[in-house]
Amino acid sequence: MTSTYRYLPDTKQDQEEMLALLSISSTEALFEDLPEEIRLDGELNIPEAVPEPLLLKKMQQLAGQNINANQYPTFLGAGTYDHYIPSVVNHMISRSEFYTAYTPYQPEISQGELQAIFEFQTMVCELTGMDVANSSMYDGFTSLAEAASLAVAHTKRSKVIVSQAVHPESRAVLKTVADGQTYIIEETRLAGDVTDLKQLEEQVDQNTAAVIVQYPNFFGSIEDLAELKKIAAAKGVLFIVSANPLALALLEAPGNLGADIVVGDMQPLGIPMSFGGPHCGYFAVDKKLMRKIPGRIVGQTADDQGKRGFVLTLQAREQHIRRDKASSNICSNQALNALSSAICMSALGKQGIRDMAQLNFEKAAYMAKRLKEKGFIIENQAPFFNEFIVKLPLSVKEANAKLLEAGIIGGFDLGSDYGFENQMLIAVTEQRSKEEIDQFINVLEAVVNG
Amino acid sequence: MNTRVEGRIHMTNATANLLYSKEHEWVLSLGENRVRIGISGYAQHQLGDIVFVENPAEGDELTANETIGTIESVKAVSDIYSPVSGTVVSVNEELESAPETINEQPYDAGWLVEVELSNPEELEALLNEAEYQAFINEGEE
Amino acid sequence: MVEYNQLIFEVSRPGRVGSSLPVSDVDKINLQELLPKHLIRQEAAELPEVSELQLVRHYTALSNKNHGIDNGFYPLGSCTMKYNPKINEDVARFEGFSRIHPYQPVETVQGALKLLYELQEDLAVITGMDAVTLQPSAGAQGEWTGLMMVKAYHEQKGEKRTKVLVPDSAHGTNPASATVAGYKTVTIPSNKDGLVDLEELKKHVDSDTAALMLTNPNTLGLFEKEILEIAKVVHEAGGLLYYDGANANAILGKTTPGKMGFDIVHLNLHKTFTTPHGGGGPGAGPVGVKKKLIPFLPVPRVDKDGDRYVMDTNHPLSIGRVKGYYGNFGILVRAYTYIRTMGPEGLRQVSESAVLHANYLRKKLEPYFEAPYSQVCKHEFVLSGSKQKKLGVRTLDMAKRLLDFGYHPPTIYFPLNVEECLMIEPTETESKETLDAFADVMIQIAIEVEENPGVVLEAPHTTVIGRLDEVQAARQPILRYTKEKHKETVKS
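These protein sequences, in sequence, are chains B, W and A. The opening residue of the first sequence carries number 1 in this note's numbering; numbering runs sequentially from there. The opening residue of the second sequence carries number 1001 in this note's numbering; numbering runs sequentially from there. The opening residue of the third sequence carries number 2001 in this note's numbering; numbering runs sequentially from there.
Fair warning: there could be bad hints in the mix.
[Claimed, not checked] Pairwise CB distance ranges (calculated):
no., chain 1, residue 1, chain 2, residue 2, range
1, A, 2235, W, 1067, 53 to 59 Å
2, A, 2034, B, 90, 45 to 51 Å
3, A, 2345, B, 56, 19 to 25 Å
4, W, 1045, A, 2044, 32 to 38 Å
5, W, 1063, A, 2005, 38 to 44 Å
[To be verified] Computed footprint of chain B on chain A; a stretch qualifies when at least three of its residues, placed anywhere within it, have a C-beta under 8 Å from a C-beta of chain B:
no., stretch
6, 2077–2091
7, 2190–2203
8, 2242–2254
9, 2273–2282
10, 2390–2396
11, 2418–2424
12, 2444–2451
Quick caveat, the hints were computed from the structure, so don't treat them as lab data. Backbone N, C-alpha and C define an ideal beta-carbon position, used for all residues, glycine too.
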């Protein structure tokens, strides 16, 4: 195997010396314990190796077959958003001391990662108003399902109620997770664009482990957490809130409105859309649940000289110690993306994040107002953040096709998940200019007027 | 447990009246069907520095040989099995803020719970100190 | 040089900013008019207030306190800490990949879907499976996804099986995943050669066995030679065979889990396929299955309809969704780029070289450390620190001593069935000079244990911080910074 591959350093001489020490003549001898029947006859049937310059070109071409948000302004949201990411974020996460390290098992040479995660946990606690946050989960969807499982384990009850105003993919993942365990999921229907409080009240009983809502909900509407909490609290039910962390810059923290567990995805803060992943789930709890939280947690301590340092802590919860008694199997998480969002939150800062959230409120409100002026119906009754539903006189598919022709990525079709025909969920972030918004409306208007 | 350390109980007058389970809990009779439960010196030594105890709550019904809680050290976690059946009448709340008490005084201030027995005959199945020591020695062979 | 020891919150001063946002070009809104008071944030979240340069200095200083593969050798067994190619990073950041939305019309993301489709195909070939899902975010999620398919498969046949078998040397995620999927775990002991004890296995396999989870080579780095017999035992009882791909770096182009008789496989793209470990993630844990399990794969699936790539959700027997969207796409892009870089011969050479390196290093260290198993190893091997323990020095101490020489220690105290275990995985991307230098240091440490144990017991000596008090961290957890009294603890 004289090296023709840049990631393989062995020279012919290296190889001979290593084989000589082992008293064998070829590496084949090291595979002799593989039964004859299972060995491959020829090479793997995959495409041949491509040299770097050609591969870069090929990958550019492949990327070029996608329309990206830099080419066409996008009005898609529904859980993943096109937000401003300060340049500094990518530069810092590209420090390979961070991205080529693994889980900080050796704290003495991992203080950078450990401290960064400790800071991330702090920022999540600040935004959510909770006592304790972990170092990340796969994404907001799986984080929500883990919250439900925690609630079931903690309360020893077997029913979880989830609002239909929670992201359809969250509910789908939750269903899969519940199928593996012993709890049942009940959905609470909508009252317009928010959770139906009346039905929820009827559903909550002594066997209910948790009530799950989203804030702002899937339609952008801001649920009244105080009212929802009252219903949950009456039966000692855990209150789980899935929240957009950017919106929390201006919305009251769920922790101050009675949430027991707050989950969500940090994607709006410093993480590229990247076709849906990798993003970064967050998971924050009230202190009574501290030792039940899934995933890794960093804690502050000191060395033998009394110097401040950070370690992975409360590890007895985790799979590598508790094995089949662990309540979560998570091991690898999304640490690098947690770092991205921590850097982004630091760059935005205390005021910047509020300004950004304010811009989102304003841009969405502007677009909704303009659409209304043009005679379109806005379906949201509750106040909304950076997303809202518009009713169209034609199918969303047709509208989006026209928008695409005009160089715009249109909104999310609520038809298939909710049966809301001709209703489009539109997201307007700080990235969308007034001009782009106006153009979107002009295209729609032209389509409608024919 | 796969780490092997010395398996001696430090025999004292205080431990001579105790009964033991094979899951390394001790039981002290407080009279009138009431007992106090803790873990043995051997068990705390095996676990190492204890960082957290999850005890049952007052009023919980216990069944002998079933899990009633957990004890965590930094890199291990161990189930607590109730040596008896009955109702929890008192919980050692000190352990919440000072779990190390179990390491320091496993037979005294490091007790876990007190239980009102529902089936006092179960005590007969437990080991006395000499039998427990023999049981540990066997495991150490 | 003055050592940097500040939290970002301690650098913060009111009024500083590290970013710039556009001025609003639309009407102002007053939240007081929009929302009821109790839903408006009363107290701003205490995020840091720092300038851009302060931010850069802070994170650069932190990075300097971190050891990654680019800093030095990282032989962390079972984690496959091989080089993370830079082209992969560049490609994943192309705007055509990083700035596309998961709900865009399929005609605007044909490049992304083509990549996913081809990666599915490649991984199916590499694992010897018939179809692959790219959805799971990491190995553990892949395991759970696989076990949910096991469950669906048996239930479809009208069978309710309750147990999953795992060897005692298995990763903790195996039993934990089994529990999360609703199964009871039964542990199968290893024999004295470190392999699955076939007789013990036979005792436990019955009509209640849903699956056996196995990694091959196993976590001791040993190839389960009797794999076909093992497969037969499990299959004859109606169970399925699950391959934990954590150790796939030893088998590329040599054999496949499919050939070994496995029905389901997960791969860790962040191990075998060079995507960076990121300080703990994100990874990706694709799952491959044999034909009989295809109907149960999670949705959506990437498919091809003529020349067009599509997302397909119409599979009534599917276990459903396991994650949002289509998996960790950015990670999948990196793995695809790597597979294209290496090609079939390159991947085969990866495994040959990884196995040669492990055996070479083992041979060099065997005279100095207890080597519990004599069989030729694959991509990794275990040593026991039992000899040193008798002299009062534990494996943990030797691991800390390695830090003084700029090495990340091997995995320690795992697998659980080896006393004072050191699990060493050198990988194929390290040069012989690095292996030799590491061996020299390990030998030096072994000699120190005999002649000057204090220097090992008190290690590390050169790191930015000494051994940390983990007991205190767990007893009185401080899990966040608090401005007013940052020594305050969060009590349970």
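Taking the hints in turn, this is what the structure says about them:
| no. | hint | in the structure |
| --- | --- | --- |
| 1 | 2235/A to 1067/W: 53 to 59 Å | violated, 35 Å |
| 2 | 2034/A to 90/B: 45 to 51 Å | violated, 34 Å |
| 3 | 2345/A to 56/B: 19 to 25 Å | holds, 21 Å |
| 4 | 1045/W to 2044/A: 32 to 38 Å | violated, 50 Å |
| 5 | 1063/W to 2005/A: 38 to 44 Å | violated, 52 Å |
| 6 | 2077–2091 | holds (count 10) |
| 7 | 2190–2203 | violated (count 0) |
| 8 | 2242–2254 | holds (count 3) |
| 9 | 2273–2282 | holds (count 8) |
| 10 | 2390–2396 | violated (count 0) |
| 11 | 2418–2424 | violated (count 0) |
| 12 | 2444–2451 | violated (count 0) |
Violated hints, listed in ascending order, are 1, 2, 4, 5, 7, 10, 11, 12; each of the other numbered hints is respected by the structure.
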